[in-house]
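Note that the protein sequences, when read in sequence, are chains Y and A.
Here the working numbering is used: the first residue of the first sequence is 1, the next is one more, and so on.
Here the working numbering is used: the first residue of the second sequence is 1, the next is one more, and so on.
It is possible that part of the hints are untrue.
What the hints assert, rightly or not - If you anchor each label on the Cβ, the simulated ranges turn out as follows:
(1) Y:194 to A:61: 39 to 45 Å
(2) Y:57 to A:322: 30 to 36 Å
(3) A:129 to Y:291: 50 to 56 Å
(4) A:94 to Y:233: 53 to 59 Å
(5) A:102 to Y:214: 28 to 34 Å
(6) Y:235 to A:310: 25 to 31 Å
(7) A:160 to Y:233: 45 to 51 Å
As the list claims (entries may be wrong) - Here are the computed lysine-lysine pairs in the DSBU-like style, where the Cα-Cα straight-line distance is at most 35 Å:
(8) Y:152 to A:165
(9) A:142 to Y:461
(10) Y:152 to A:142
(11) Y:152 to A:276
(12) Y:61 to A:304
(13) Y:61 to A:44
(14) A:259 to Y:461
Hints in this document: simulated from the structure, not taken from any laboratory.
C-beta: ideal position from N, C-alpha, C; glycine also.
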Amino acid sequence: MDAAIETRPGVFKRPTATTGAWSWFSTVDHKKIGILYGATAILFFVVGGIEALLIRLQLAKPDGNVLSPSAYNQAFTMHGITMIFLVVMPLGAAFANYLLPLMIGARDVAFPRLNAFSYWVFALAGIFIYSSFFLGGAPNGGWFGYAPLSTKAFSPGHNMDFYALGLLILGVASTASAVNLLVTVVNMRAPGMSLMRMPVFVWMVFVVQFLLVFALPVLTVGLIQLIFDRLMGTNFFNATKGGDPLLWQHLFWLFGHPEVYILILPAMGIVSEVLPTFSRKPLFGYPVVVFSGIAIGFMGWGVWAHHMFATGLGPVANSAFAVSTMFIAVPTGVKVFNWTATMWGGSLRLKTPMLFSIGFVTMFIIGGLSGVTHAVVPSDYQQTDTYYIVAHFHYVLFGGAMFGLFSGVYYWWPKVFGKLLNERVGKLHFWLMLIGFNLTFAPFHILGLQGMVRRTYTYPKGRGWDGWNFVSTVGAFVIALSLLVFFYNVIVTRRRGAVAGNDPWDARTIEWTTSSPPPEYNFAEIPVIHSVDDFWHRKYVEDKEGRLVRVPSGGADEEEHDRGSGVTDGHGDDHHAIHMPSPSYFPLLAAIGMPIFAYGLIYSRILIAAGALIMLTGLYGWALEPGSE
Amino acid sequence: MRRGRTARRVASLVSLGFFIVLTACAQNAPQDTFHNLGGPVARKELNLSTPVFLVAAIIFFLVEGALVYATIRFRARSDRDVPVQVHGNRVLEVTWTLIPAVILAAIAVPTIGTIFSLASTPSGPNVVRVDLTARQWWWEYKYPDLGVVTANEMHIPLGKNVAIKLRSVDVIHSFWVPRLAGKQDVIPGRTNDLYFSADKAGTYLGQCAEFCALSHANMRLRVIAEPQAKFDAWVQQQKADAIAPTGGDAAHGMDLLLKNQCIFCHTIRGTQAAGKVGPDLTHVAGRMTFAGATFDFTTDNLIKWVSDAPAMKPGAKMGRGLADYHLTPDDVRAIVAYLESLK
Ligand SMILES: [Cu+2]
Ligand SMILES: [Cu+2]
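All chains, full assembly: derive it from the sequences and hints.
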């Protein structure tokens, strides 16, 4: 604490502390930024989860009156925005930030201060969007914000201003982060780490950053047009003045479908690391898994109109998008088969990370198969906008992405915090979550096929939907319970968790060669990479029959000791040769300007000027200060 | 031994699951897309869905089965287990790339066929044409060849194709009657087409399927399919002007209604009420429901509605009879009596 007060910034004094509460505001360490991303995302996960519980309470029985229609519309809109933009995306960013440099043998990302800027812009954008609850009402037009409903004529309040401006700011955060990680992967790999020796997680994150860089501008165009329509009276989406409501849908889904892969690919990367580690076998068909990830990234651009089959695009367009949507299932299926083959014949240690990864694959199969049924256009005429769709994307994004991300949480927790999460509590968390998840979302398939429409704040008796809705609500509370178990695990582990050591899982990739938690500079010596799963091959060799033989001497254990002795106290100063970038307040300052600017667009020109000034001051100071001193 | 018991437990759980699903589907669900379909369009869509769902189910059991089997079969017995290190297998990988591709191609062919066959809207003298207008939050149907205008409840003759032109005057809606046909979005600035026919008489429930703000949930609709003779009678009755009541509450109600703002929004043919904002009320008492087919057409509901419409249907454009139009409860009762006379 004392140190924190001492290093509190003067206007011109550069922060120097790397520990203490204040250091979190000025840190440029990719690991701390990763933790910030993760903690913020989990916080939003709780908020988005509470919104989900309110939705489920409202729909537990027909003619429910837990929420007013207006509150319900805000709840389901904010649930979507939160889970997509403030939970799953930043959780992906958390893992990417923390792990990418460690997994490619780098000391930090390419642009450490830009990294801090990305985080602060994201966090402040989240706060900006949520501030709308206290300023007259949160966004209420759906996360998809269909025009013309989202335009001023039909949404006269500020709700959808917060939506459009908030997503624009979030886009800045994601773009900055994407550029940063792209350059990091391209330029900062350790000697010997060719592209085809990168861990699959790094590959999937790499693909995601390309998707972000290309998809976000499309959304940005749509959002700016929406802002122009709302605030400056243009008519991009106003049909009565020659505008086209469908233009919004094309732009939104041209972003929105790649977005699905932005959400799921990091989880697929995590699973591709966890399954081999806990099967004690290499990933089956590493190049095929990598290339199918790239193929998904490419094909993801040609399927957007499957969200629009009922808009009347005509039979030719519908057929084309049906075919492209069907065939994107091929690389996805290949991944599932390769994961299964990785486990096949292995020696599976069913620890919590492994359970979550297997959970990911089993649930993702269901989401993938229901996804193929949407591609059957005439069938989709019946299914679209029903709970069947809601079931599908929750199987992909919760059963898929969230299970994968939790797998990553359990897997890398010991690396990040130095202690192993409790196994028994972790398994309880897994089973509760799996059961709760299926209780909640499996009934949605049936409800959708029985004609229950999405986004309705209520439904009448006599439609045959009562029973399954009640089951689903019960399931939602089981999920909530499983999360309480997770938080309990975090607390128990903090108090009396087992110390992890460098390599608690007998893992395969080089982040496990350094101490847990890693020192600020990650590696005392930059490792030299000789193969995929480099760390594994330092520990084991294969005999002629492909059987594992532990390297008798000079192997991992000794190496860990060698490294450990020098670096475990975690201060860069001890290693005079290693220069790490210095902390800085300017990224935070520049980020603070953005939401103020956005408030200005809604409320007053003075705030626009103030926001711009703050942003420019931050960028100016940032430009003038050296990267490290 | 333990493994056998686990397997049996899993099997009984699975069969229990199926039992629950089957009983759930058997219960009465009037918007079900799988059972009791009423016409060839919905059936065409189902005939495509069913085999696709079956294929998906088979793949589901094979893949999940392999995964669960692997999880149980290859559990580590000891920490010292060392499996054979397999890095991949080209032949296998090519195989499981090609097989799904072939299956998907096999699904694509009938899919495209059905897309095109559903896209060619029938025309000719035997087709009933309807011009549909969607609004927040109700539906207006005009039959251009028959001179009929009505709201929310669409009457159609059995066995004849109904070709609908869909337009919206405000936001995007989506017209859906699950047991007759899949959805068709209704988009401002465009005219979309949908057709279907019914071969079973009855009342088909539907609702708006695209989020359209506050009362999206209350934008329901009905399609009443009836034999040609009954339909013709309905048309004749609908074409007639409203008959003015000759006395009592209803006549008083008519006076009140025509003196009030009601006439700026509603049309009652045969009177000076010619508003175009709200539903045509000329034969409103011939409908089973009102306000987006959300409430049963009963005296009690009508009294509540005329007294305070937004309280019943959030966001309703109609003002509150008591507070905004300064009606007394007696006035409301009289107006309702008049509405009930508009058969
Ligand atoms: Cu999509
Ligand atoms: Cu609607």
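Evaluation of the provided hints:
1. Y:194 to A:61: 39 to 45 Å: 40 Å, holds
2. Y:57 to A:322: 30 to 36 Å: Since the Cβ atoms of residue 57 of chain Y and residue 322 of chain A sit about 32 Å apart, the hinted range of 30 to 36 Å holds.
3. A:129 to Y:291: 50 to 56 Å: 53 Å, holds
4. A:94 to Y:233: 53 to 59 Å: Given about 58 Å between the Cβ atoms, the range holds.
5. A:102 to Y:214: 28 to 34 Å: The hint (28 to 34 Å, Cβ to Cβ) holds, given that residue 102 of chain A and residue 214 of chain Y are roughly 31 Å apart.
6. Y:235 to A:310: 25 to 31 Å: 30 Å, holds
7. A:160 to Y:233: 45 to 51 Å: 47 Å, holds
8. Y:152 to A:165: Holds, because 27 Å separates the two Cα atoms, which is no more than 35 Å.
9. A:142 to Y:461: Holds, at about 30 Å.
10. Y:152 to A:142: With Cα atoms ~30 Å apart, residue 152 of chain Y and residue 142 of chain A stay inside 35 Å; holds.
11. Y:152 to A:276: Holds, at roughly 24 Å.
12. Y:61 to A:304: 24 Å, holds
13. Y:61 to A:44: Measuring from Cα to Cα gives roughly 33 Å; hence the hint holds.
14. A:259 to Y:461: 38 Å, violated
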